[in-house]
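There are 2 protein chains.
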Amino acid sequence: MSNEILISEVGPRDGLQSIKPVMPLAAKRAWISALANAGVREIEVGSFVPAHILPQLADTAEVVAHARTIAGLTVAVLVPNLKGAEAAVKSGAHKITIPLSCSESHSLKNVRRTHAQMLDETRNIVALIRAQPAAQRPKFEGGLSTAFGCTIEGIVPADTVVRLAEEMMAAGCDEVGLSDTTGYANPVQVKDLVRRVKRAVGDQNLSGLHLHNTRGLGFANVIAGLDVGITTFDSSMAGLGGCPFAPGASGNIVTEDLVFMLEAMGLATGIDLPQLLAVRKILSDALPGEQLYGFTPDAGLPLGFSPATKRSAAA
Amino acid sequence: MSNEILISEVGPRDGLQSIKPVMPLAAKRAWISALANAGVREIEVGSFVPAHILPQLADTAEVVAHARTIAGLTVAVLVPNLKGAEAAVKSGAHKITIPLSCSESHSLKNVRRTHAQMLDETRNIVALIRAQPAAQRPKFEGGLSTAFGCTIEGIVPADTVVRLAEEMMAAGCDEVGLSDTTGYANPVQVKDLVRRVKRAVGDQNLSGLHLHNTRGLGFANVIAGLDVGITTFDSSMAGLGGCPFAPGASGNIVTEDLVFMLEAMGLATGIDLPQLLAVRKILSDALPGEQLYGFTPDAGLPLGFSPATKRSAAA
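Read top to bottom, the protein sequences are chains A and B.
The first sequence lines up with residues 1 to 315 when you count with the working numbering.
The second sequence lines up with residues 1 to 315 when you count with the working numbering.
Quick caveat, the hints were computed from the structure, so don't treat them as lab data.
Just so you know, not all the hints are guaranteed correct.
The calculated lysine to any residue pairs, modelled on SDA-like cross-linking and capped at a C-alpha distance of 20 angstroms, are [stated by the list, open to error]:
(1) B:K191 <-> A:S306
(2) B:K310 <-> A:V188
(3) B:K191 <-> A:N3
(4) A:K95 <-> A:Q17
(5) A:K109 <-> B:L303
(6) A:K83 <-> A:N110
As the structure is a prediction and not an experimental result, all values here were calculated from the model.
Given the sequences, and given the hints that come with them, work out the whole structure.
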């Protein structure tokens, strides 16, 4: 188990795309700056999709431009296709992720593309990225979604996930990640699938998990991931966005609770927890009436709590 | 890791004592019968405390009498002292737990007794139990509460917990359990403390954990417990009772989500999940307006879900 964990905050993308209100650009900028100030080192700030599909993320280029001014921050974006990747490269994002749904039915329903077509698109994006000057090439991740099960197909065979991971790496991705899009994963499955994919693509090429808390197992699955060498976890501040399949249930795992758990376990996130908790005010101000999730924010920190990350008062 | 896990349902005691409304006796009976019907094998049905302190549990003797009629069910109760134990023995409960707060400040505040006084009381209860005919002796557990931290003292040293576990066993308890009364525990601490206590009192004498989800870590802590050989987990249907330190936050871990997690992991609980989920209706009918927690009940079971426990349709 590594002693340092990277938390990749996906609230500005995954959270905001899942709620109706559009957060004003100024609030997005303030939120991202405040997160970085609290010690968050990677933020998925938006995605490059047509504005008529996701008006909430129509200003992603401007958001990237702002985030890029923050020293030390890795600015990540999601793209569904080559066109999105062109915009992402132009924006100067440091990291680009293309999701590939391991359930082909889900892929067809979501982006109207087969696995073969998505792999073609991935190769096109790789070509685009490799055509950039070396210093400007973003990191390119293949995000294997519905890796732990699908609401249309049910069980997604581990062999399918392993094969797609290999094919995404062969297509030129720098790394792959596994996403529990549907909140189907359990800790035994997480360990098993992570081990299999690592064996197939190499240990260093699978570092990240994107877990949901749809059935309350999000943090149990984090523990399973830690046990098999996962060092990057996606999470969303305030669990923003909820889950379309479970009204009232949180979708993404909650960043605040994740930081609390890891820090309590002696795993340094680099994030100052009291400062992070204070950032929620930006959300509640900018998104009035929106449900903010999280247990630690309600309960407060334990008396005598000693985080793994020690930051100077000046930080 | 064992392939069979015992879930000890504590909702009728821990849940009901934490809410204002008093559940009518008929509803308690129906609830307990329905839980047992769904496959729950152990239920903490109440506690023997003065009615003016916990009017919600004033009918515990009647509840025990009903629960004892259910074949195969272990009927457990909590007692704070010898007087409670006398009532418990008289009721015919199969298992009696006395809580001992590892934080002495918490013990003094809660039951106005020092550790030494609680150990005396424990010895008196042991004498009472041993005076019963062998066939009627209930199992006697020492429940070490605030074992993972205390809202008054903060950190509770592991050495203190280990010493108290040894002293409770020496006083004549059949086994000890560890309770995260305050929701302070984290998975690293759970593994460490369980290992230490098991080493001190013997592997077979610590089988159970009572975990709270106050800061969202409940199931992560279950995974840690499983990893170090814990085979019994307390939980509360619908997370009933909430947490006084965190308004809106669930206190006990939620039985429905726990069963889902364990069954998904291939660990048999003996509980039929769809049948268990249906039991919530008794709660919502009997406790109108009371918050029912749980993610799995909202989200539903995954498509293609295959539980570890297979029960015949006739069961």
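Hints, verified against the model:
1. B:K191 <-> A:S306: 18 angstroms, holds
2. B:K310 <-> A:V188: Answer holds: B:K310 to A:V188 is near 19 angstroms, not above 20 angstroms.
3. B:K191 <-> A:N3: 17 angstroms, holds
4. A:K95 <-> A:Q17: 19 angstroms, holds
5. A:K109 <-> B:L303: Answer holds: A:K109 to B:L303 is near 17 angstroms, not above 20 angstroms.
6. A:K83 <-> A:N110: 17 angstroms, holds
In the structure shown, no violation is registered for any of the earlier numbered hints.
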